[in-house]
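Participant: This is what each chain is made of:
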Amino acid sequence: MSVVEFKNVSKHFDKLKVLDEVDLTIDRQEVVVLVGPSGSGKSTLLRCINGLEEITGGDLVVNGISVRGGHARLREIRQQAGMVFQQFNLFPQFTALENVAFGPRQVLGMNRRDSEARAMELLEKVGLSDKAHNAPSALSGGQQQRVAIARALAIRPKVMLFDEPTSALDPELKQEVLNVMRQLAEEGMTMIVVTHEMNFARSVGTRLIFMEHGKIAVDGDPREVINNPPNDRMKDFLRHVQ
Amino acid sequence: MDVQWSIIIDFIPQLLAGAQVTLYITVVGLIGGIIVGTVAGLMRAYGGMILNGVAFAYIEVIRGTPIVVQVMFIYFALPVLADLRIPGMTAAVLAIVINAGAYIAEIVRGSVLSIGRGLTEAGLALGLPRWKVVTHIVGPLAFRRLIPPLGNQCIVSLKDTSLFIVIGVGELTRTGQEIMAANFRAVEIWTAVAILYLVMTGTLSLILRMIEKRMRIL
Ligand SMILES: Nc1ncnc2c1ncn2[C@@H]1O[C@H](COP(=O)(O)OP(=O)(O)O)[C@@H](O)[C@H]1O
Ligand SMILES: [Mg+2]
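Chains as they are written, first to last, in this note's numbering: chain P, 1 to 242; chain A, 1 to 218.
Isolated chain A (complex conformation) (with noise of 0.2 Å):
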């Protein structure tokens, strides 16, 4: 078996940018994931029949297809029907974004119900106007309840952008897979591609377990 691991030190400032590649997609990403689900989430506990709908079609549509599907979709399909290019850069984002949308729309729903009836209708009775009511009761509690599963959710979207190899997007797998292509060292470049997957999940880990430990859940 012929292992040697120094040659890693040669890729590593290409592998460092696929890095970076992956993180961007993911911070953006997630920005706008949980824009949207937030907005999903809230149309799902407040809205009426019509918002509510359209907001469990949404969440039911993403999560029902896979996410290699979704970008292929985005960066294939949408140019041949609405005749415009949507480069790859973007089309990774935008996955992101409404795949990671869905699955938090459904965490915002749930923690926004978690907090019971009883605590709304406890703030309406003294008379507050029901957006106070969501501001400054249920809000602030389902926000407590919300971070553990979201911070699971942004784990599993950052791995999920290494599915973004299919459109060609030099994240960080795209890249390990391009310097394995020219030199076929295929033990010491995956290693090095999970190690850096590793220390950016568990920063993201450790980041989230600070955070909670701050914050009582209620």
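Same shape as in the complex, but just chain P (with noise of 0.2 Å):
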């Protein structure tokens, strides 16, 4: 069974056509690569997979429940798709522990201990073991980004969307974060990445999509569409983000 399938889907900002009748099917283990100029609509099309934005044509199904089944439904899907957003986005009243412990306790409605302990193993996974009591002001922003990594995974998603997650960071820090995502996929986790980092979508993505004007232009195989770009834009696009 996919694990995302975009079904005709289209979405509109009152009169503006975001996304335009996309189809689009995602596999388990899938790392796609989204990636697109400014205002094509990749952040949408991330946004409408976990309700975010809420589609106005067609259906999208994320495994097996559709995104036009109510509040009860839409909060299933949420738990089943973690997101990782440009700003981080960190709750800054909670150490770094409390953030990732969040999601266990008040959506999976674990014990405060057990969803510690979840949280832990999670910051020891994203190596920042040694953050836990940290304020979020108190961390670098590629720690601020790897903890909200831990956050989403928290909920044991099944598929993780990233939108533009190192966009935000200085070029030193933008590496640790690709590591803590590059690991992730080769766990076997189904990933959906809008990123510019074209060395992560060739060694990292299983799959390549440039969306243009709300359509997805170009779908392949990250290594031969980035070395021949099928299309002019695509290459016009490549030159300016390489």
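No wet-lab data here; the hints were simulated from the structure.
The model shown is predicted, which means the values in this text are computed figures rather than measured ones.
Just so it is clear, CB atoms sit at the ideal spot from N, CA and C, and this is done for glycine as well.
Just so you know, not all the hints are guaranteed correct.
Label pairs and their computed distance ranges (CB to CB) [as the list claims (entries may be wrong)]:
| # | chain 1 | residue 1 | chain 2 | residue 2 | range |
| --- | --- | --- | --- | --- | --- |
| 1 | A | Met-210 | P | Ser-203 | 54 to 62 Å |
| 2 | A | Pro-140 | P | Arg-202 | 54 to 62 Å |
| 3 | A | Lys-159 | P | Ile-65 | 15 to 23 Å |
| 4 | A | Lys-159 | P | Val-241 | 38 to 46 Å |
| 5 | P | Ala-138 | A | Thr-90 | 33 to 41 Å |
| 6 | A | Arg-117 | P | His-133 | 51 to 59 Å |
In silico DMTMM-like pairs for lysine to aspartate or glutamate, Cα to Cα no more than 20 Å straight-line [what the hints assert, rightly or not]:
| # | chain 1 | residue 1 | chain 2 | residue 2 |
| --- | --- | --- | --- | --- |
| 7 | P | Lys-158 | P | Glu-121 |
| 8 | A | Lys-132 | P | Glu-76 |
| 9 | A | Lys-132 | P | Glu-98 |
| 10 | P | Lys-215 | P | Asp-14 |
| 11 | P | Lys-215 | P | Glu-164 |
| 12 | P | Lys-215 | P | Glu-53 |
With the hints as a guide, bring the two chains together.
Facilitator: So this is what it looks like as structure tokens:
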């Protein structure tokens, strides 16, 4: 069974058509890298998957559940689709550990001890167990983003959505986040990643999608389509990001 | 110049009684104002078109008119319109409730909206229901940001009660006015009145400082 299936999905903001009858099926363990010019609809596509944006046409099914099934079903989808934001969005009143434990506690209903044990495991996984009791403001951007990844993983998602996870980071901090993502991919996590990191796309991606005006313009093997871009706009785009 | 500070002593009980009335109007009025303001502020921040519009109209009407006019309206005009007599004390408390409520609504709305949409989305993306996002994430953060401007509004409302002299409620300023009318001791009486206000607002400021110190603003 596919993890994410777009069936003729459209998304309008008032009159503006941001997703234009998108068909897309993503299977288990795929690492889909989503690229395209600014405003082409990459974030919107990602945010429709977990219902942060409501689709206005077609249907979108995540792990067998339609995003159009109402609030309760949408919350189920959100538990199966972890999201990592460009701006980290860690809860500033909590420590790193509390940030990660929050989902298990409040969403999965685990008790305090179990949720914190789980959070500690995940912080270890992203290499931050020594920062467990630090406030987010006391962490570097790269560390904050790794905590954010741990927070998203804590609810045991089936698919991870990354919206430009390294775009807000200084160049020297990008790699530590990309390494965590690479490790996740190697463990078999299904991932959809909006990024301009072409090295990541080449070495970790199993599939590359180039978006343009709300449509999927190119969909293929990352190495092949990066080396031989099948259309001129993609060629232009690659020149700009590399 | 004939100034006799010692005469104040004779009027201390009377002035303290006035201060007590001032405090009573302020405290009861602000409790109501905080409730009204929170509801109206949340309507502004989260409400659909209708709720938002109702709250907006309320806030604009109150902020666009002087509190003296508001209390006169409650005390003199409402009885004519609705055929119900409102005692002076009730009118005074009500005036603080609706007046502070409007300003507090804007404070609540501002604090809620200052908590970026990103945190709400992060909460929702975890699968949290919206009300839990409000009670566990946005609420506690907004509350910290709300304390300083809310404290400021409390001090403003306390001083606003002096305007209720116009409807004859025996608060501190009115008490001072009455004593003065009998003995013409303007310097002594108004100095004493001012000091009593300062003691009340100063205490409030101090409490606020302590709360702010204990709660880091994030
Ligand atoms: N909440 C919104 N309201 C109105 N327009 C929006 C909103 N979000 C995005 N858009 C518009 O949709 C288009 C696609 O945006 P987005 O998906 O963020 O693109 P990308 O992530 O590829 O840069 C842009 O033109 C953007 O201005
Ligand atoms: Mg984007």
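Participant: Next, verify each hint and record whether it holds.
Facilitator: Hints versus structure:
no., hint, in the structure
1, A/Met-210 to P/Ser-203: 54 to 62 Å, "holds, 56 Å"
2, A/Pro-140 to P/Arg-202: 54 to 62 Å, "violated, 44 Å"
3, A/Lys-159 to P/Ile-65: 15 to 23 Å, "violated, 57 Å"
4, A/Lys-159 to P/Val-241: 38 to 46 Å, "violated, 60 Å"
5, P/Ala-138 to A/Thr-90: 33 to 41 Å, "violated, 52 Å"
6, A/Arg-117 to P/His-133: 51 to 59 Å, "violated, 28 Å"
7, P/Lys-158 to P/Glu-121, "holds, 18 Å"
8, A/Lys-132 to P/Glu-76, "holds, 15 Å"
9, A/Lys-132 to P/Glu-98, "holds, 16 Å"
10, P/Lys-215 to P/Asp-14, "holds, 18 Å"
11, P/Lys-215 to P/Glu-164, "holds, 19 Å"
12, P/Lys-215 to P/Glu-53, "holds, 17 Å"
Hints 2, 3, 4, 5 and 6 from the list above are not met by this structure, while the remaining hints are.
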